[in-house]
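A.B. asks: Guided by the hints, dock chain P onto chain E, whose structure is given.
Going down the list, the protein sequences come from chains E and P.
Heads up, the first sequence is in numbering that gives the first Met the number 0, so the first residue is 0 and it goes up one at a time.
Heads up, the second sequence is in numbering that gives the first Met the number 0, so the first residue is 0 and it goes up one at a time.
There's no promise every hint is true.
[Unchecked claim] Cut-off 30 Å, straight-line C-alpha distance, at most; resulting in silico cross-link-like pairs (DSS-like, lysine-lysine):
no.: 1; chain 1: E; residue 1: Lys12; chain 2: E; residue 2: Lys242
no.: 2; chain 1: P; residue 1: Lys37; chain 2: E; residue 2: Lys230
no.: 3; chain 1: P; residue 1: Lys95; chain 2: E; residue 2: Lys12
no.: 4; chain 1: E; residue 1: Lys290; chain 2: E; residue 2: Lys127
no.: 5; chain 1: E; residue 1: Lys2; chain 2: P; residue 2: Lys12
no.: 6; chain 1: E; residue 1: Lys12; chain 2: P; residue 2: Lys2
no.: 7; chain 1: E; residue 1: Lys177; chain 2: P; residue 2: Lys2
no.: 8; chain 1: P; residue 1: Lys48; chain 2: E; residue 2: Lys2
no.: 9; chain 1: E; residue 1: Lys37; chain 2: P; residue 2: Lys48
no.: 10; chain 1: P; residue 1: Lys283; chain 2: P; residue 2: Lys127
no.: 11; chain 1: E; residue 1: Lys95; chain 2: P; residue 2: Lys12
no.: 12; chain 1: E; residue 1: Lys181; chain 2: E; residue 2: Lys290
no.: 13; chain 1: E; residue 1: Lys2; chain 2: P; residue 2: Lys177
no.: 14; chain 1: P; residue 1: Lys230; chain 2: E; residue 2: Lys95
no.: 15; chain 1: E; residue 1: Lys95; chain 2: P; residue 2: Lys177
no.: 16; chain 1: P; residue 1: Lys37; chain 2: E; residue 2: Lys48
no.: 17; chain 1: P; residue 1: Lys230; chain 2: E; residue 2: Lys37
no.: 18; chain 1: P; residue 1: Lys95; chain 2: E; residue 2: Lys230
no.: 19; chain 1: P; residue 1: Lys12; chain 2: E; residue 2: Lys74
no.: 20; chain 1: P; residue 1: Lys127; chain 2: E; residue 2: Lys37
no.: 21; chain 1: E; residue 1: Lys95; chain 2: P; residue 2: Lys74
no.: 22; chain 1: P; residue 1: Lys242; chain 2: E; residue 2: Lys48
Hints listed in this document are in silico derivations from the structure and should not be mistaken for laboratory results.
Keep in mind it's a predicted model, so treat the numbers as computed, not measured.
2 protein chains.
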Amino acid sequence: MSKVLILSASDVKNLLSMRDVISAVEDAFRSHGRRTMKLAPITLTLIDKFEGEHEIKSGYVEDYSIGTKVLTYYKHNQPRYGLPALSGIIVLHALKDGQVLAVMDAGYITSVRTGAAGALGAKYLARKNSENVAVMGAGMQGRSQVAALNEVLGIKSVKVYDVDRQRAVDYVAEMTAKFDFKIEQADSPRTAIRDADIIVTATPSNSPYVLNEWIQAGVHISAIGADSPGKQELDPAIVARAKVVVDDMSQCVERGEIQTAIRLGLLGRQDIHAELSEIILERKPGRANDKEITLFDATGLAIQDITTSYRAYRLAQERGIGTTCELG
Amino acid sequence: MSKVLILSASDVKNLLSMRDVISAVEDAFRSHGRRTMKLAPITLTLIDKFEGEHEIKSGYVEDYSIGTKVLTYYKHNQPRYGLPALSGIIVLHALKDGQVLAVMDAGYITSVRTGAAGALGAKYLARKNSENVAVMGAGMQGRSQVAALNEVLGIKSVKVYDVDRQRAVDYVAEMTAKFDFKIEQADSPRTAIRDADIIVTATPSNSPYVLNEWIQAGVHISAIGADSPGKQELDPAIVARAKVVVDDMSQCVERGEIQTAIRLGLLGRQDIHAELSEIILERKPGRANDKEITLFDATGLAIQDITTSYRAYRLAQERGIGTTCELG
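Okay, chain E solo, but in the shape it has when bound (with noise of 0.2 Å):
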């Protein structure tokens, strides 16, 4: 008989920190760096009576362990039945001998984890004196990404801007109790954007909602919203004009911010400046000056999933934390 440990989205967010969650995150891209673990190829299922999506992403992470994200998205939920959008798990398996370690709620895990992997894009690419933040999306990743840049910036304000005006509203008296800085609700991309020194978007559209002209030199863009085929919140003339690198080269290509570009042949493969794992390991190098557009096209990666649950299982593990269960 074996013994797995459960882990509740509460347990999981007692455990990690922001400043753990970017350290694990950072680690994933450091071993995407080495080739030292492998990314399966997404699944992704749609439930089309119902309008519900159900992903698996998975792959491992050497020195951490086998990790598989199943993960539904039902976006009417809320409105039609008061649910989560967002329901599914992580299970993590023992590299050596596969055995089922842990099993977590992985909502959680996906906001930080998603946010954690915007703030390095920011780390590694935007001005060093960035300190405005313009965010598209009050959601769940719009107070997410903040919440991370927080950790590796100093931030001044941020303006966020939702198609829903109410959520806005919440999300501006909500991170205004949080932290220091200046939040304000912007009328418009346009409005949000006018100062901004980082971009963030995080919605979930799909079509261009921010527009070339509109963008100055020396920004940094953070693209997150975008990770399936047909999303696409950028005008596609931003992409073909910055500085592009990837959180990963194949699943962007197909996935993510760029794919318009891609298709429409403003964006080659060779356009590409870097995967964002070169720039941590300083194989290639990063922002070139203070003029330069750089765009971080995030699509999330299963090793992010994985080194930042594992991280929870083992401080779990340490501080007596989560339900073990008998499995096997």
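C.D. replies: Then chain P, alone, in the frame of chain E:
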């Protein structure tokens, strides 16, 4: 906060009779024939350094749920560490809103649903008076196939062959204690299949060990072992000569027993008589006469895991079995 039901291997074993499993798997085949289900591509990741495999099978079945099985296979675990070769979970999500319903051990369900699929192949394809069974491979699956066959026909005798003689001795002792029919060890594959009405191949072989000239008219073969690229148990001439029925066309062509005959050009897709579901739904005939050699190629479908584990989930709810955990 959401509650999730956790079921251990022994919970599942206590909940499901072989009759329940056969009924659930037959339901899976019906939904397969009616296309009221979806099978996602299988993800297989090799953990080369430790000679392990990590496999994900997923999909959904209408009127049941979404299901994902994440299972590792480390074939050296028993001799090396005294650990089971298989370790994994099945997670069920509700079809309508995607919420996680249950997480349960995958090992026992994989074993019995595969047994049930083999038995259904025999129920619909073997001669009605079949009573003598030859089993290749004295492992867990050799046991499960016989336990399931015993529910669909009157077994008179079982002959078992294994390259490891001690395993066959143990099999005979264990199965004789469980069942009333005669169970004997065979010295070779050839002597095992002499006078057999049904041949079950359930080894991890990568090369053929059952030759065409040994196969007599009227036999039914359940080809269970070959379920991934490279695996093979039968002389491809047997496949070319038999009436071939598959559990799923795409999976069997790519990873089933028939993969080699297809690659060699001895069998084309058009030569495959049917998917088992078409025979169960009476859209195509099964066995035509008592002389025909029938072959059921079973690669194992995620939908079998889904209907079987969902059955366990519902029975657990009715009977108050399992552990309820906070997850979301």
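A.B. asks: Now, for every hint given, state plainly whether the structure supports it.
C.D. replies: Hint by hint, here is what the structure shows:
1. The suggested pairing of Lys12 (chain E) with Lys242 (chain E) is violated, with an alpha-carbon distance near 35 Å, which exceeds 30 Å.
2. For the hint pairing Lys37 (chain P) with Lys230 (chain E), the CA-to-CA distance comes to about 24 Å; that is within 30 Å, so the pair holds.
3. Simply put, Lys95 (chain P) and Lys12 (chain E) have alpha-carbon atoms about 27 Å apart, close enough for the 30 Å limit, and the pair holds.
4. At roughly 12 Å between alpha-carbon atoms, Lys290 (chain E) and Lys127 (chain E) fall within 30 Å of each other, so this suggested pair holds.
5. Proximity of Lys2 (chain E) to Lys12 (chain P) is assessed by CA-CA distance (about 17 Å); at most 30 Å being required, the pair is judged to hold.
6. Of the pairs offered as hints, the one joining Lys12 (chain E) and Lys2 (chain P) holds, with about 17 Å between alpha carbons and a cut-off of 30 Å not exceeded.
7. Annotation: proposed proximity of Lys177 (chain E) to Lys2 (chain P) holds, straight-line Cα distance about 29 Å (limit 30 Å).
8. Distance restraint check for Lys48 (chain P) and Lys2 (chain E): the Cα-Cα separation of roughly 25 Å lies within the 30 Å cut-off, and the hinted pair is therefore satisfied.
9. Restraint check: the Cα-Cα separation between Lys37 (chain E) and Lys48 (chain P) comes to about 12 Å, which is no more than 30 Å; the hinted pair holds.
10. Annotation: proposed proximity of Lys283 (chain P) to Lys127 (chain P) holds, straight-line Cα distance about 18 Å (limit 30 Å).
11. Our distance criterion of 30 Å between C-alpha atoms is met by Lys95 (chain E) and Lys12 (chain P), whose separation comes to about 27 Å.
12. Using a Cα cut-off of 30 Å, the hinted pair Lys181 (chain E) and Lys290 (chain E) holds, with the two alpha carbons roughly 26 Å apart.
13. Using a Cα cut-off of 30 Å, the hinted pair Lys2 (chain E) and Lys177 (chain P) holds, with the two alpha carbons roughly 29 Å apart.
14. For the hint pairing Lys230 (chain P) with Lys95 (chain E), the CA-to-CA distance comes to about 24 Å; that is within 30 Å, so the pair holds.
15. For a cut-off of 30 Å, the pair hint linking Lys95 (chain E) to Lys177 (chain P) is broken: about 35 Å separates their Cα positions.
16. With a C-alpha separation of about 12 Å, the suggested pairing of Lys37 (chain P) with Lys48 (chain E) holds against the 30 Å cut-off.
17. With a C-alpha separation of about 24 Å, the suggested pairing of Lys230 (chain P) with Lys37 (chain E) holds against the 30 Å cut-off.
18. At most 30 Å may separate the alpha-carbon atoms for a hinted pair to count; Lys95 (chain P) and Lys230 (chain E) meet this at roughly 24 Å.
19. Among the hinted pairs, Lys12 (chain P) with Lys74 (chain E) is inconsistent with the structure: their alpha-carbon atoms are about 36 Å apart, more than 30 Å.
20. Distance restraint check for Lys127 (chain P) and Lys37 (chain E): the Cα-Cα separation of roughly 49 Å exceeds the 30 Å cut-off, and the hinted pair is therefore not satisfied.
21. Between Lys95 (chain E) and Lys74 (chain P) the CA atoms are separated by roughly 12 Å; this keeps the pair inside 30 Å, and the hint holds.
22. A hinted pair counts as satisfied when its Cα atoms are at most 30 Å apart, and Lys242 (chain P) with Lys48 (chain E) does not qualify at roughly 37 Å.
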